[in-house]
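Could you put the whole structure together from the sequences, leaning on the hints where they help?
Number of protein chains: 2
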Amino acid sequence: MENVRDKAEKAKRAFIELSNAETKSKNISLEQMADALDKNRDKIIRANKEDVKEAKLLVEKGELTKSLVKRLEVTDSKIDEMISGIRDVVKLEDPVGKTLQSLELDSGLELYKVATPIGVIGMVFESRPDVIPQIMSLALKSGNSVLLKGGRESSNTNREIFETLLKSLDDKEIPRDAFKLLEKREDVTEMLKLDRLIDLIIPRGSNEFVKFVQENTKIPVLGHADGICHAYVDEKYDEKKALEVCFDSKVQYPAVCNAIETLLVHQNSTDFLEKISKLYQEAGVELRCCEKSFELLKDLNVKKATEEDWVTEYNDLVLSIKIVDSVQDSVSHINRYGSHHTDVILTEDKWAKDYFLNFVDSSSVMLNASTRFADGFRYGKGAEIGISTEKIHARGPTGMEGMLIYKYVLVGNGHKVSDYVGSQAKKFTHVKLDKNFK
Amino acid sequence: MENVRDKAEKAKRAFIELSNAETKSKNISLEQMADALDKNRDKIIRANKEDVKEAKLLVEKGELTKSLVKRLEVTDSKIDEMISGIRDVVKLEDPVGKTLQSLELDSGLELYKVATPIGVIGMVFESRPDVIPQIMSLALKSGNSVLLKGGRESSNTNREIFETLLKSLDDKEIPRDAFKLLEKREDVTEMLKLDRLIDLIIPRGSNEFVKFVQENTKIPVLGHADGICHAYVDEKYDEKKALEVCFDSKVQYPAVCNAIETLLVHQNSTDFLEKISKLYQEAGVELRCCEKSFELLKDLNVKKATEEDWVTEYNDLVLSIKIVDSVQDSVSHINRYGSHHTDVILTEDKWAKDYFLNFVDSSSVMLNASTRFADGFRYGKGAEIGISTEKIHARGPTGMEGMLIYKYVLVGNGHKVSDYVGSQAKKFTHVKLDKNFK
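Residue numbers (our numbering), protein chains in the order written: chain A, 1 to 438; chain B, 1 to 438.
These aren't lab readings, by the way, just hints derived from the structure by calculation.
Some clues are possibly wrong.
Each pair may be met inside one copy or between any two copies, as identical chains are not told apart.
[What the hints assert, rightly or not] Pairs of lysine to aspartate or glutamate residues, derived as DMTMM-like cross-links and limited to a Cα-Cα distance of at most 25 Å, are as follows:
(1) K70 <-> E81
(2) K438 <-> D354
(3) K353 <-> E17
(4) K427 <-> E81
(5) K167 <-> E31
(6) K350 <-> E173
(7) K167 <-> E60
(8) K70 <-> D419
(9) K438 <-> D349
(10) K24 <-> E208
Only a predicted model underlies this, so the values are computations on that prediction, with no experimental measurement involved.
Okay, structure coming up:
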């Protein structure tokens with residue numbers, strides 16, 4: 001039986017082959033993966049029924065939430081989505097080997113910056129089995145090996161989907177060793193230690209889960225723990241836009257990272273605050289208010305906010321509210337308490353807009369648009385590997401580009417450095433070229 | 001007295017101001033920094049003499065090497081270099097605020113990917129005081145705050161240079177709090193813990209030092225510990241090119257990360273091996289050979305290599321030698337034992353060249369050119385913050401681009417996500433724009 005280190009070592013070796021696979025082979029393999037899912041629907045759904053049955057027992061015992069069971073369920077239409085997801089990846093341009101820059105250093109000495117895959121990526125996710133085809137197809141297309149570890153609750157489904165996809169691959173074209181499924185909980189702890197073999201970890205799941213991963217590995221982590229997003233309604237707002245955007249940002253789907261948790265309102269925009277608060281309450285949103293807004297809204301049966309509320313991601317129909325003096329004040333609040341994820345200003349004022357968009361230090365900043373747009377699909381990426389609140393490598397909603405890096409290729413003709421030093425030193429030309437390496 | 005956390009907190013706050021400074025203000029400030037260095041030469045050289053005096057005492061006690069004292073010395077011509085280094089940064093294009101991509105999501109809903117600085121960067125380096133003006137100027141131009149910690153041996157010089165540069169800044173234009181000098185050894189340990197305040201650590205120094213940093217922080221680290229670089233001489237090599245490049249790659253300056261540590265030679269190229277070995281020995285290079293090459297070269301008084309030699313960075317006039325069966329064999333050796341830094345193939349064969357350049361997983365791969373070219377200045381970057389063997393964010397010789405990330409700016413007009421879901425969902429247009437945010 002392969003242990004985690006064996007799997008990672010095999011994936012590392014397979015990476016070199018996979019990173020050099022032809023676009024055509026990769027696309028054929030992706031089509032085969034899609035076909036295999038289509039042909040093995042019954043098996044997958046059967047395996048999923050076992051998982052759902054067990055999960056329902058856990059719900060009865062109170063050990064699992066109903067919403068988790070919902071996310072775990074695989075139906076025919078979910079398989080259709082997985083298949084079309086894989087076919088979308090076929091359509092994405094192959095980024096590997098693309099020349100990003102080229103520069104003549106001197107006559108006959110040419111430097112190319114060429115896009116390459118990263119290596120071995122560890123993907124850890126909670127119970128959604130649809131992550132497997134999504135990440136496997138993105139990894140394959142981008143030339144990366146991947147170790148996948150899904151939630152315990154969906155282990156039968158995960159195994160069936162993974163085996164189906166893996167068997168569909170022609171090992172001579174695409175090395176099967178590039179894809180490995182981890183099945184035990186201890187495997188994650190083991191994987192997080194393998195910083196010599198694994199180049200990047202992408203965790204998807206609850207805050208606690210992502211924090212656990214971040215705090216227990218030396219491997220770079222791409223993702224976000226908290227999603228504490230804000231809407232700020234400025235002095236000069238358009239009422240219709242402000243009401244619609246603030247409502248949508250909280251209510252359209254509150255259980256996700258890009259929904260707002262705090263509403264900041266300019267001190268001269270209390271009319272707006274009264275109107276939106278009624279709409280929120282009609283939609284069942286619990287409001288937790290700063291002193292000033294509590295005074296203003298006390299007839300609405302609101303609660304008082306504590307310091308803790310400004311740093312809390314409710315992921316639910318709860319919203320904290322604060323009245324601020326100015327746009328500068330709103331920006332200070334956001335940079336101090338927020339999670340640098342997504343924040344929006346509602347304003348018609350150019351100065352306030354510019355100030356907010358430039359000074360808020362978040363992965364997405366918005367003007368008069370719902371924070372819920374911060375998402376890989378909506379941002380036109382075709383597929384999303386995650387939303388990053390990191391400040392290096394990839395930030396914000398991240399697609400396949402987060403799985404790529406580059407290498408420098410220097411093509412010479414016997415060039416040596418000793419000719420470029422000392423009193424007789426040759427000079428570098430450093431002329432931009434418009435040439436591709438491949 | 002400010003402790004490290006105070007300094008980091010102030011730097012973090014100052015970052016938001018600095019990240020929004022105008023290009024003109026930044027360039028004026030850089031000119032002021034250059035002028036201040038020029039005007040304070042005497043003070044700086046006086047401070048440096050103290051450091052050199054103390055360092056020489058340590059050399060006598062055997063606690064410091066002579067080459068370190070050499071690196072520590074600041075002369076008038078070194079100050080000239082610092083000044084021209086800062087003026088080079090004035091000439092670099094301001095990357096902040098540049099629109100990298102723009103996309104229409106729907107009518108009136110436009111997404112911009114805009115380059116931004118990262119935040120607070122921790123720079124830890126050993127005794128070269130010239131790192132201070134170099135990194136301070138790059139940080140200023142790229143809009144990043146920076147905490148600087150230099151070697152103990154150059155503490156007087158560092159303080160004098162830092163204070164000179166800092167005082168030259170007009171605090172109303174460029175927040176002085178963005179630049180902080182750390183002075184005590186314990187400050188480094190303290191800084192490495194501040195993962196909520198510091199976004200990136202760049203260590204420059206010995207392998208042990210970089211490894212210490214990598215192993216003692218959760219903050220992302222940009223840099224390299226080992227530089228185990230290889231030259232591989234293929235079956236079909238050009239003798240002149242191969243001799244010159246292999247000699248230059250080892251001998252031109254052996255104490256640096258991009259010099260080769262291992263020479264791999266195709267089994268049919270032993271003629272070459274005999275010739276280059278004589279040249280190496282004339283230059284005083286100690287040769288440590290695999291079994292086959294030991295047999296071949298035994299008249300030259302060479303040593304036998306052990307397994308340990310393949311993973312050793314000598315940083316000195318020592319070279320390990322191995323005869324390999326094929327280009328594939330050389331690539332396996334490099335990917336297994338190398339440090340993914342810089343490796344070169346000497347060949348005139350197209351297939352071998354393509355195989356090597358594509359399959360070697362290093363930050364720089366080269367054809368018929370000295371590994372010593374792998375350097376930010378030679379690669380035309382103007383200035384180098386380091387050479388990275390990381391696989392994420394920045395790889396290889398890295399200039400100011402390694403201090404940048406981006407944010408997404410979404411400009412809407414009251415757009416809400418609820419219009420884009422369900423049976424009546426509006427469709428995204430995802431049309432590429434050619435517009436700048438600013």
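Hints that the structure is at odds with (numbers, increasing):
The structure breaks hints 7 and 10; every other hint is satisfied.
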